[in-house]
Structures are given as C-alpha cells and as structure tokens.
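2 protein chains.
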Amino acid sequence: MKFWKFFFKNKKKCQVNEINKIFIQKIGKDNLYLSTCKKVNLEELERLCDSVGWVRRPLKKIKFALENSFLMVSIFQITEANKRLIGFARVTSDGSFNATIWDVVIHPDFQKNGLGKLLMNQIVKELRKHDISTITLFADPEVVKFYKHIGFIIDPDGVKGMFWYPI
Amino acid sequence: MKFWKFFFKNKKKCQVNEINKIFIQKIGKDNLYLSTCKKVNLEELERLCDSVGWVRRPLKKIKFALENSFLMVSIFQITEANKRLIGFARVTSDGSFNATIWDVVIHPDFQKNGLGKLLMNQIVKELRKHDISTITLFADPEVVKFYKHIGFIIDPDGVKGMFWYPI
Numbered sequence: 001m002k003f004w005k006f007f008f009k010n011k012k013k014c015q016v017n018e019i020n021k022i023f024i025q026k027i028g029k030d031n032l033y034l035s036t037c038k039k040v041n042l043e044e045l046e047r048l049c050d051s052v053g054w055v056r057r058p059l060k061k062i063k064f065a066l067e068n069s070f071l072m073v074s075i076f077q078i079t080e081a082n083k084r085l086i087g088f089a090r091v092t093s094d095g096s097f098n099a100t101i102w103d104v105v106i107h108p109d110f111q112k113n114g115l116g117k118l119l120m121n122q123i124v125k126e127l128r129k130h131d132i133s134t135i136t137l138f139a140d141p142e143v144v145k146f147y148k149h150i151g152f153i154i155d156p157d158g159v160k161g162m163f164w165y166p167i
Numbered sequence: 001m002k003f004w005k006f007f008f009k010n011k012k013k014c015q016v017n018e019i020n021k022i023f024i025q026k027i028g029k030d031n032l033y034l035s036t037c038k039k040v041n042l043e044e045l046e047r048l049c050d051s052v053g054w055v056r057r058p059l060k061k062i063k064f065a066l067e068n069s070f071l072m073v074s075i076f077q078i079t080e081a082n083k084r085l086i087g088f089a090r091v092t093s094d095g096s097f098n099a100t101i102w103d104v105v106i107h108p109d110f111q112k113n114g115l116g117k118l119l120m121n122q123i124v125k126e127l128r129k130h131d132i133s134t135i136t137l138f139a140d141p142e143v144v145k146f147y148k149h150i151g152f153i154i155d156p157d158g159v160k161g162m163f164w165y166p167i
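Which chain is which? The protein sequence lines are F and B, in order.
Okay, so the first sequence: first residue is 1 according to our numbering, each after it adds one.
Okay, so the second sequence: first residue is 1 according to our numbering, each after it adds one.
Treat the hints as calculated values from the structure; they're not laboratory data.
Hints may contain errors.
No copy labels: a pair is met if it fits in one copy or bridges any two.
Unchecked claim - With a straight-line cut-off of 25 Å between C-alpha atoms, the simulated SDA-like cross-links for lysine to any residue are: (1) K60 / K125; (2) K129 / A81; (3) K160 / D50; (4) K63 / I27; (5) K117 / Y165; (6) K117 / R128; (7) K160 / R128; (8) K160 / P141.
Modelling step: build the complete structure from the supplied sequences, incorporating the hints.
This is the structure we're talking about:
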C-alpha cells in the first residue's frame, strides 16, 4: 500500500484541524515522517515510552492528558507494511502567550540522528504560528546540553523553574 | 444589595462547571472572597495587572489565553456597592499529570497579608482534585523565597527550567 493511502485510510482519526495546518511531512530518508496529528495511538506511545525506560502511567490518564494537550508532534517510520511511532513530544499552552513542552522521547534505535532537534524545531515553529513567545520546558540534567544547543536558555534573568510535588 | 444577590445576579457569567465545584468562598475578613470561576472581566484584570506595573498585552490575546487556561483563581473584595478584583492566577495543564502556574498577581494595597499564599494553596488544592502531581511555575528572583516558603522546590534532582524566546 502506498504511504499516502496507508496514512489516509483512517482519515477520520487524523484530520487537519485549526491547530494542525501541516500535519505530516517527510523528513530525511529512512521513511521517516513528522506529524502534528493529535490522534496518537496509546499502545504505540506506551511502547515508545517503554523503550526509554519510563515508568508506566495509567492509560486513562494518558488519554486525558493527550486530549488536553495543545500540540503534539510525532515521528513515524512508515513502510508499506508498518507504521511505527519512534518519536513524540507534547505541549500544554494557553494558545496565546505561554507553552510548556513535556514528554519528549525518541526511540533509542533512532537517537543521535538529529531527530530530537527536528521534533523540537517543529514544536517551536508550530507555537510561533500562534505567536506564542514564552516556550518553556523542564530538562533533566542529562539533556540540558541538548536543549541549550537548540536555543533554550536556563534561568534567564534569574527566573527559576520551581516544582510542587505531593508529599 | 446582599453579597450573594450581588454575585449571583449575573449567574450566566459565572456558573459552576466540572472544574469549579467550589467556585467561591469567603476568606478572612475585609469582605474578601476566593473564586475559581473561569469568567474573569478583562478590564478588571487589566487594572489589576496595571497596579503591579506589568506591561500591557493585547486584550484579544488575553481573552484567548484565559479561555485556554485550565484553571483560574481570583480574589475579590466585595462590598454592597462594588466587586473589585484584587488577586489572580491562572494555570495551563493537561488536566492529568502536569500543570504550570502563570500570572500570579496581588494588588499592592493587599500584599503582605497572606493572600498570595491563600491563592496558591487554592490552586494546589484544585489541581490535586484532578490528581495532578507535577505542579510547576517560573519564579522571578524576587518571589523565589515566597514560593519556597509555600513548598515549591527549585531544580529538584537537577531538573532545570528552560526557555526559548523569539530573537
């Protein structure tokens, strides 16, 4: 089956909406595609998160979180026989001023190939379409360097990221 | 006019919804009321933000941001003759795991009275009702101490708040 046929056969599940003007584009080689479609298969996402060792979370909560995310960007490897989710990130936002990026993940088999940068650049591009100017995230120590490299800044003018956790 | 009459006379503009089970409660004395009603008067909010010297933002963008906020908490001073917005904060969230608090403001005439703490405690309480466990914010240097005092932590396990701004 041709790629476009493959992708569009579930048209109902993945329609272009006002947030997702461009919802899929081919990136580089290896049949990799970047998508801003908001319909993400939960089991596929679970497998991707498993691949990087994240603690499992209740599917119902994940479903609700995805529904309430402002933006999602996915990377798929698509062959005639298979469509595999290999990268993902999502964003909460007020759609106007502020956005926060969460759950950035690239499958280990595809890391160190610039896909993380592509994913993040697409997020910034989509948010800028909405004139959102404060794009934030919380970076684990091991990925701070990566985010710095793509233009994110730590503690600008002494602004500190702070957390409240239940005890 | 009695307070409840005053507040309920525009019932259409301030109804309880699934997020705002408790949408108003009296706090302390001085006719102060805490509300989680999502209908906020833009001009009132503008005046409050002016009072702390914030740069004005386009009303249309503010309206959209409020509509896309997951939670808003306001403090009003309500007399028989007047209802005045004197405190405000709002939250973006996926409604499930993560939330970020923005635009925390208390009118200078009412600062140093514990209202900021009341406002923040209410936000945490509301978010915990949804079992949201990662509650975040970005604090300017002069308010870091305040947020620490009410239980927020800077850079837990080396996690860094990072920003991307348009150049």
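Tested hints:
When the C-alpha separation of K60 and K125 is checked against a cutoff of 25 Å, the pair qualifies only between copies, where the shortest distance is 22 Å, while the shortest distance within a copy is 30 Å. In this homomeric assembly, K129 and A81 never come within 25 Å of each other (Cα to Cα): the closest approach is 34 Å inside a single copy and 44 Å across copies. Proximity of K160 to D50 under the C-alpha cut-off of 25 Å is restricted to the inter-copy arrangement: shortest distance 24 Å between copies versus 31 Å within a copy. For the identical chains of this complex, K63 and I27 are neighbours neither inside a copy (27 Å) nor across copies (36 Å), given an alpha-carbon limit of 25 Å.
For the homomeric pair K117 and Y165, the shortest alpha-carbon distance between copies (16 Å) is at most 25 Å, but the shortest distance inside one copy (30 Å) is not. In this assembly of identical chains, the alpha carbons of K117 and R128 lie at most 25 Å apart only when taken from the same copy (16 Å versus 34 Å across copies). In this homomeric assembly, K160 and R128 come within 25 Å of each other (Cα to Cα) both inside a single copy, at 23 Å, and across copies, at 23 Å. Taking CA atoms no more than 25 Å apart as the test, K160 paired with P141 passes in both settings, with 15 Å inside one copy and 7 Å between copies.
In the structure shown, a violation is registered for the earlier hints numbered 2 and 4, in ascending order.
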